[in-house]
Amino acid sequence: MNDLNKKITFHVNDIKVEVSADEADTALVDYLNDDLSLTGTKFCCGIGECKACSVMTSTSKHGVKNKTLACLTPVSFMNEMHVYTVESLSENGKPNDLQAAFLKHFSFQCGYCTSGFLMSTTVLIERLKQNPVSQSNLDKMIDQYVGDNICRCTGYVRYLDAIREIAKPYTLEHIS
Amino acid sequence: MFNLHEFNIHRRSFIKTCGSGAAITLTITSLPSLLMANKVQANELALDSHSLNWAPTPGKADFRIDGLSKVLGNKVFARDFRSKDLTRYGWPDNTVKEERVVYALRTNTIESVISSYNLDMLPSHLQPLVVVDATKIAKSHIDLSGDVSDGLFVRLGESALYYGQPVAMLIFKNAVIFRKAKKILQFSKNVIQYANKVSLQESKTYEPTYDYVKDESVNFSYVAKSADEYNDNYRNVQNDVFNEMASKVAEGDWKIYSRAFETQVMDPMFMEPESGLAWFNQSNNSLNLLLGTQSPTGDIKEVAKLFSDKKCAFKVKAVDLISCYPGGGFGGRYKSYFTLYLAVVAPFADGHPVLWHHDRFEQFQIGIKRHQTWVEEAIYLNKLGKIKALSASFTLDGGGRKNSSPYVAQLAALSSCSAYKIPKAIAKAQALDTPHLIGGAQRGFGGPQAFLAIETLLDEAAIELKIDPIVLRRNNLLSKTDTIVTGGPIVQDLQLEPILSALEKQPLWQNRFNNQQAYKEKGLLYGVGFALSNQAYGTSGDGMFGGISIEIDGSITVRTPYVDMGNGAATALGLAPSHFIGQNASSIKMGDAGYFDALNLTQTDTSSDKYVLKGSGSSSACLSAFQQYHAVQYAAMPLLVSAIAPAISSILNETITYDKISWKDGTAVVAGVAGRNIPWQKIVNAIFTLNLPTQAAIHATTIGEFAHADYKFSATKSLNLPIDYIALGTSEVTLSTVPRTNLVNPPSINSRFGRYAYSPCASLLSVTVDEKTGHVSVKECISALSAGVQHCPEIVSGQSQGGIAMAMGYALSEDCPSTNNGPGNGTWNLNKYRLMKSADIPKQELIIIEPAKNEKTARGIAESVMCPVPAAILNAIAMATGHRFTKLPVTQKLIKEALS
Chain A
1 MNDLNKKITF HVNDIKVEVS ADEADTALVD YLNDDLSLTG TKFCCGIGEC KACSVMTSTS
61 KHGVKNKTLA CLTPVSFMNE MHVYTVESLS ENGKPNDLQA AFLKHFSFQC GYCTSGFLMS
121 TTVLIERLKQ NPVSQSNLDK MIDQYVGDNI CRCTGYVRYL DAIREIAKPY TLEHIS
Chain B
1 MFNLHEFNIH RRSFIKTCGS GAAITLTITS LPSLLMANKV QANELALDSH SLNWAPTPGK
61 ADFRIDGLSK VLGNKVFARD FRSKDLTRYG WPDNTVKEER VVYALRTNTI ESVISSYNLD
121 MLPSHLQPLV VVDATKIAKS HIDLSGDVSD GLFVRLGESA LYYGQPVAML IFKNAVIFRK
181 AKKILQFSKN VIQYANKVSL QESKTYEPTY DYVKDESVNF SYVAKSADEY NDNYRNVQND
241 VFNEMASKVA EGDWKIYSRA FETQVMDPMF MEPESGLAWF NQSNNSLNLL LGTQSPTGDI
301 KEVAKLFSDK KCAFKVKAVD LISCYPGGGF GGRYKSYFTL YLAVVAPFAD GHPVLWHHDR
361 FEQFQIGIKR HQTWVEEAIY LNKLGKIKAL SASFTLDGGG RKNSSPYVAQ LAALSSCSAY
421 KIPKAIAKAQ ALDTPHLIGG AQRGFGGPQA FLAIETLLDE AAIELKIDPI VLRRNNLLSK
481 TDTIVTGGPI VQDLQLEPIL SALEKQPLWQ NRFNNQQAYK EKGLLYGVGF ALSNQAYGTS
541 GDGMFGGISI EIDGSITVRT PYVDMGNGAA TALGLAPSHF IGQNASSIKM GDAGYFDALN
601 LTQTDTSSDK YVLKGSGSSS ACLSAFQQYH AVQYAAMPLL VSAIAPAISS ILNETITYDK
661 ISWKDGTAVV AGVAGRNIPW QKIVNAIFTL NLPTQAAIHA TTIGEFAHAD YKFSATKSLN
721 LPIDYIALGT SEVTLSTVPR TNLVNPPSIN SRFGRYAYSP CASLLSVTVD EKTGHVSVKE
781 CISALSAGVQ HCPEIVSGQS QGGIAMAMGY ALSEDCPSTN NGPGNGTWNL NKYRLMKSAD
841 IPKQELIIIE PAKNEKTARG IAESVMCPVP AAILNAIAMA TGHRFTKLPV TQKLIKEALS
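Residue numbers (the working numbering), protein chains in the order written: chain A, 1 to 176; chain B, 1 to 900.
The reader is advised that the hints may include incorrect statements.
[As the list claims (entries may be wrong)] The calculated DSSO-like cross-link candidates involving lysine-lysine, where the alpha carbons are at most 30 Å apart (straight line), are: (1) A:K104 <-> B:K182; (2) B:K402 <-> B:K310; (3) A:K6 <-> B:K402; (4) B:K136 <-> B:K182; (5) B:K772 <-> B:K712; (6) B:K173 <-> A:K7.
To be clear, the hints were calculated from the coordinates, so they are not data collected in a lab.
Based on the sequences and whatever the hints tell you, model everything.
Printed below as a string of structure tokens:
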């Protein structure tokens, strides 16, 4: 078997998946949506501008998780990687704390951008857990990780309210 | 014994008889209805929030009724579904009938004749299985004479009627092949061959056009005169008014403030590009669709028309539409052409389901837009700052399809006088038929353009007359004895004075000159702008449906034909049953139009007990809080009278009438029966035991006031209710009409008002302007809104926040040029179209004015909250820079040019 016939292997929400080499240039969002029926990851612009398709990726199950744009990323780039989608956040239909905060704050309206905000914020929280910042720098961090996520309905205010609430316990002031 | 309450999967249909005499059965089903009817577990394709109660307190939402599904990433939107998700509903298995994928081959210019198209650049294994073009459509006798189907495909040898008009639809074998082929085709210059250039035709005008002339001094207006009198005389009165304007200005009695404005094409940029599934089932000739549309009933009727020709190659007997939550709308999914194309291509797929997903390039190219608009407006004020007259002319570029363009232009004209008493007014409106981007219904529906003109002119006048801008507005406010441009009366408390007062006292306004100085010292220009809008909610007359059913487990399901585009309609309507029966809905079936269409109400046969004055309208966001809520709220009343009261009577073994029942924490409290509160489930058990009605479907009509009628429920006196039709039953197939007498419709004169309900809103807003870069930063925005009684304050404020962001984009950055370099050429995406991001968003506050005296209902506010903001931004920029911009968007380049 030559390399061209080699399958691309990676994990999605901790489940191993294989993609044929012929599909190497398929966008991750298309693979998730069409092949795995994981449609929580949304296609919106397809050119990496809106961040609606944000997922988390890491080199190992417990590795550092990064934000990845599933519309721009071919599945070949995911070889031996771990991909986490919005479907991984809840357990048995029970929303996690961030999802519950989005609900409580009425953060979203149409909801199409919500999974992108959830995954971007989850990466932010991971970072804060590793490298907490002072409360005065929190908004800057939020902007760095979520500031490019586009929402057409809400004007962002209620997303930010929820994100601040969830992120606040991971600031230096709260940890100390 | 047959139990009427046994589970029943009957889906209600209605029949459309087409011009050929052929009858096509139409069914519209909401996605939740489909899932519930097939006993799908909520957590499987969860759309209900059973597992986490969204509203445990009657009348109050803890979160959106659709929130859990959306936040979990469940399948909610049309784009989430593949045909394999629908096999349990009869769609074919993918291994038997593989899902095909559709791609539209679109023209990217309007200036050249299309000579041919070819797909030679595709290798054989990537070639489409089927190509559907104008020739194939004609041979198949598809009927293109419908309101919106003319011009479906460009014919070879002709030029495109509008940007993006397809040459052909290609059906690919599957998603894998489609994706590879699309990469080759999408931006290739060799697919469509263009021949010689064509000279563009002079624009025509879409009918109707509008001419409103009002002169209170001679009691002339659209409302004051009959249709014939008005049409015979309005030109003469208009000339008299123009002559008076000229002479008063010449004599120095009136000052004129006049400018020409130009606003740009704006994309709604809803986040989910239009998407859908279709399957023509050859075994029973049914066409099955799954879509996220704002107009399911209109869409399905247009689809039926396509296949109505007796010679049509496809003998479509039924059209079944599954309606999903749209991923945003803002009007852009109202009468969208996406549905028609998907429907027309499906039968060519030889019994295979077809999937069609727009990408963002296509959505920018062909999606319905806010119109480019040219406004010429003059206001005339006397020396005391009283507005004496107005003339306004609105011309909208409708693009290559008529859509709603004339009616958007109409509302711009109707909004021209805004919240002001103007004794003499002339307002004209027209929409042009051009080959440009297609305009249609968009948030505000012409209002933003109208308010931009009058609010910036008033600001200019105030400053020149040295009158505080808020004071000048206060001196000219509409009162209850005044009329709008049609002569239509003001029938509600507009709360204009409280709105002005709430903002006038703000430090942002009071300290604006001091703050300007402080910013100057920091090297920034600073300005504060104020603007007021008087946006209508609803149309010139509105019909509405609402339905409620009680389930055996005590849960309540609300049914509505309308769609929640994210505006919160589902949540508000889910709270509506609590008013009369003390319970929130557990679930809601949005887009359940077929349920109501099957009632077969008529607007023509006045002798029928199913006659109602107005049919059901669109899923406009501004219609949900007042009109749609009213319908659902009153759907509970027949159940209270004919099911709940008899059930309680049975439980208490004495006659209890509906008016003796109130609700506390979801439990019935019976007046005069101390300590005998009845739990809801006990009542429900009695309802089912006694075989009492569990479903109610009602219709209501309002034109300034609600139609009302007497209804005779068994064992009760007649009850007069502000609704014009009631059906009750123990299941949806047993729904039957409740006898109605003494129907009183709103007076016919009300139909000439134009609009009758308003939710005024004002915004006070500060900006800084960087002289070097021309960058405008909106620093703070305080809005004051007349919202009536809020159903869900969080949703109201969310609408305001979203409206402000959208309005900022409209004023400062968003632009779709109607040229070959614009989105019509198929290369536009979010890299060329600048939306507001979170860092752009100002500090903001929304002040809700207390409901007016005796006001017990909500006002539609989804459009209102955006309407004053663009004008407030321009007024703030004027204060900051000393320059009055009249063209949107006010880009950094324009600012720099103005300041250089």
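List of violated hint numbers, smallest to largest: Numbers 1, 3, 5 - these are the hints that the structure violates, sorted from lowest upward.
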